[in-house]
Amino acid sequence: MIAKVLVANRGEIACRILRACQEAEIETVAVCAPNDLESMFVEMADEVVVLRGDSIGETYLDHTQIIQAALDTGAHAIHPGFGFLSERADVARAVVDAGLVWVGPRAEAIEQMGDKMTARQTMRKAGVPVIPGEEVESIDEDQAMLELEEASTRVGYPLLLKASSGGGGKGMRAVTNPSEFHEAARAARREAVAAFGDGRIYIERLLSGSKHVEIQVLADSHGTTIHLGERECSVQRRHQKVFEEAPCATLTPELRDAMGDAAVAAAEAVAYEGAGTVEFLLAPSGEFFFLEMNTRIQVEHPVTELVTGVDIVREQLRIASGAPMSCGPLNLRGHAIEVRLYAEDAANNFLPAIGPLAVFQPPQGPGIRLDTGVREGDDVTPNYDPMLAKLIVWAPSRVEALQRMRRALDEFVILGTTTNIRFLRELCDVQAVIEGTTTTTTIDDTWPNGWQPSENQSIEEASLLMAAMGETLGLHRVHRTGGEVSGSTGPPSPFATLQRRYP
Amino acid sequence: MQHTFSSPDGPIEVTLGKDDGAFALAGHRAILIGDGRLRVTLGDGRIMFGHVAKVGDVWWVALGGHTYRWERMEAGASAGGNEGGLIAPMPGKVLQVLVKVGHTVEAGQALMVLEAMKMEHRIVAPSDGIVTMIHFADGDQVEQGASLLEIEAESE
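Protein chains in written order, with this note's numbering: chain A, 1 to 503; chain B, 504 to 659.
No lab work stands behind these hints: they were computed from the structure. Built from N, CA and C at the ideal position, the CB exists for glycine as well. One thing to keep in mind: the hints can contain errors.
[What the hints assert, rightly or not] Label-pair restraints from in silico Cβ distances:
{"#": "1", "chain 1": "B", "residue 1": "Ser650", "chain 2": "A", "residue 2": "Gln431", "range": "58 to 64 Å"}
{"#": "2", "chain 1": "B", "residue 1": "His638", "chain 2": "A", "residue 2": "Ala98", "range": "45 to 51 Å"}
{"#": "3", "chain 1": "A", "residue 1": "Asp261", "chain 2": "B", "residue 2": "Arg542", "range": "52 to 58 Å"}
{"#": "4", "chain 1": "A", "residue 1": "Thr472", "chain 2": "B", "residue 2": "Gly605", "range": "49 to 55 Å"}
Make a model of the complete structure from these sequences and hints.
Quick look at the structure:
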C-alpha cells in the first residue's frame with residue numbers, strides 16, 4: 001500500500017503525477033530546486049522539500065538528497081517521472097535499499113535496457129529484430145575513435161551515431177559522408193560525456209523513409225504483460241519529437257499485433273514491471289526494428305491514454321503498490337494527436353528561447369487536453385528544458401483530430417517568449433501529415449532550408465496597427481521579468497493565495 | 504500618433520489615423536476592448552480578436568494565429584544593427600573556438616561551438632570573410648546577445 005509519494009521531477013510531468021496521486025487519494029511531496037520555488041508543480045503538492053544546491057546536478061540529480069527527503073517526510077515511494085533520475089538503475093536500487101518503493105521497473109531491467117548496446121544484444125537473443133549496426137565498447141578515446149572509424153565502413157553510409165547512455169537526441173549525429181565522420185563522432189562523444197558522463201557510442205544504419213512507431217507496454221507483478229497499442233512519433237526536429245499520434249495512420253491490425261507481440265517479448269525478456277515503451281523503426285517494406293526501450297513514463301503517453309481510456313500514471317501507482325493492473329482487453333477508440341510546445345525559434349534553426357510568459361492563454365473546448373507546468377506570468381529560463389506544454393486533442397477520426405488541432409493551435413496565445421506554435425500550426429497543413437505518411441525526415445524534406453512562417457500582409461499590417469495602439473494607449477500589461485516587476489503591480493496571481501491541503 | 508518600430512528590413516514608421524472612434528492604419532481598423540485585447544476589422548471586412556503585450560521595448564502581438572514582435576524605436580534612432588558581429592543566441596558556455604584571428608572563413612563554416620540547455624549549437628559564418636576579433640575562449644560563459652566574434656567581409 002502506497003499512501004504517500006515523493007515526485008522527483010519538475011514541470012509538466014511533475015504536475016501530471018501529482019494530479020494522478022491526488023485523484024488516487026495519495027499524499028504528495030514535491031522536491032524543488034531553489035529557483036523552482038514559485039513553479040506551478042510546487043503548489044500542487046501537499047508538502048515541498050527545497051533541495052540544496054544551484055545546478056541540476058546538485059538538485060534534481062542528487063538522489064541522496066532526494067531519498068533523504070522521502071525518508072524525512074514519511075513518503076513510501078518515489079516517482080521519478082521522465083528524464084532526470086528516471087532511467088538510473090543505481091538510483092532505483094538505492095531507493096529500494098532505503099526501504100522505499102521505486103515507481104518504475106526493477107534496477108536490473110533499467111540496466112539491461114538503459115545501456116543501449118546491452119539492450120541491442122538482449123533483444124537479438126530474445127528474437128526481436130534490431131537495426132543493422134555495430135557496438136563499440138572501448139572507453140579510451142583514441143581506441144574508440146579508431147574502432148568506430150573501422151565499424152563505420154562495415155555499417156555503410158548514411159549512418160547514425162548514438163550514445164550508449166543516450167536519449168532525447170543528445171549525443172546523436174547523422175553522418176552521410178565519410179569525410180564528416182571524424183568530427184561528428186568526436187562531437188557525439190563530447191555531448192554524450194557532458195550529458196551522461198559516458199562517451200561510448202555505437203553505429204546504426206540510417207534507415208531513411210522509416211516511421212518511428214512505439215508500443216506502450218504495461219506489466220504488473222502478477223505475471224501480466226500487455227501492450228496498449230502504438231504511437232507514431234515520426235515527426236522530429238533534431239531527433240526530438242514534436243508531433244505524436246495514436247493510432248498510427250498506416251498500421252494494419254496484423255502489423256499492430258506483430259509489433260505488440262514483439263514489444264511484450266522485449267519487456268518479458270528483462271522481466272519488466274510497470275509502464276514502459278518499446279520504440280521501433282518501421283521501414284517502408286513493413287519490416288520493423290527495435291530501437292530502444294524507455295523504462296519510464298514517456299512524454300507522449302497522453303495520446304495512448306486518450307485512445308485506450310487507460311490512465312497510465314494511475315496504473316504505474318497501482319502496479320508499484322503490488323496490485324494487479326486494472327486494464328481490460330485493448331480497445332482503441334478514435335484518434336489522438338499531441339504537439340509539443342517549445343520555447344524556441346523555429347525560424348532560426350529551432351534555437352531555444354527565453355522570456356516572460358506575459359500572455360499564456362491555452363485553447364479550450366471539446367476534445368482538448370493541456371499538460372503543462374507553466375502559467376501566465378512565469379519566466380522561461382535557460383535553466384531547464386524549453387518544453388512549455390503538451391497540447392493533446394482527441395476526436396472520433398484522424399481527419400477530425402487534425403482539424404481540432406488546427407483550431408486549438410489557432411486559439412493558443414503566448415506572448416513574451418518566442419514559441420513554435422506557428423510552426424506546429426503550419427505542420428498540420430503539410431501533405432505528409434494530412435495523409436499520415438510522415439517519416440523521420442518529414443520536417444527536413446518539407447523545409448530543406450529551414451522553416452519560415454508563411455506571410456500574410458494584411459494581418460502583419462494589422463499587427464503593426466495593434467502595436468502602435470498599444471504604445472499610444474499605454475497598454476502595459478503587467479508581467480514579471482527576472483524577478484523584477486515592470487509597470488505597476490497587478491492583481492495577485494490566483495496561485496499566490498493557494499491553500500495547501502494538510503489532511 | 505507616430506511610432507517607429509524596427510524590422511529586419513529597416514525601421515517602419517507608423518502613423519495612426521482615427522476613424523469613427525477606432526484607430527486606423529492601411530485600411531484596417533481596431534478598437535480596444537480591454538486588458539490588452541483588441542477587435543480588429545481588416546480592410547477586407549474580416550473581424551478578428553487579438554492580443555498585445557509589451558515586454559521591455561518589444562510589443563508582442565497575436566492575431567489570426569500569427570505572432571509578431573515589433574520593437575519600438577525612439578524617433579530618429581538608427582536601426583542599430585550589428586554589422587559582421589555574431590551574437591550568442593542563448594546564454595550558455597563556449598565549448599570550442601574553431602578559428603583564430605586572421606583566419607579566412609567561408610560562409611557556413613563553423614566558428615564556435617556553444618552549449619546551451621545541454622545541446623550543442625554551432626555558430627557559423629554568415630558570409631565569407633576574415634576573423635578580426637574573438638571575444639571569448641573555450642569554457643567561457645556567455646550571456647544571450649553577447650557579441651562572440653567579428654568577421655570582416657573580404658573586399659573584392
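Do the hints match the structure? See the list:
1. Between Ser650 (chain B) and Gln431 (chain A) the beta carbon distance is about 42 Å. The supplied range of 58 to 64 Å is therefore violated.
2. For the pair His638 (chain B) and Ala98 (chain A), the supplied restraint of 45 to 51 Å holds, since their beta-carbon distance comes to about 48 Å.
3. A C-beta distance of roughly 57 Å is found between Asp261 (chain A) and Arg542 (chain B), which places it inside the suggested range of 52 to 58 Å.
4. Distance hint check for Thr472 (chain A) and Gly605 (chain B): the Cβ-Cβ separation is about 51 Å, which falls inside the suggested range of 49 to 55 Å.
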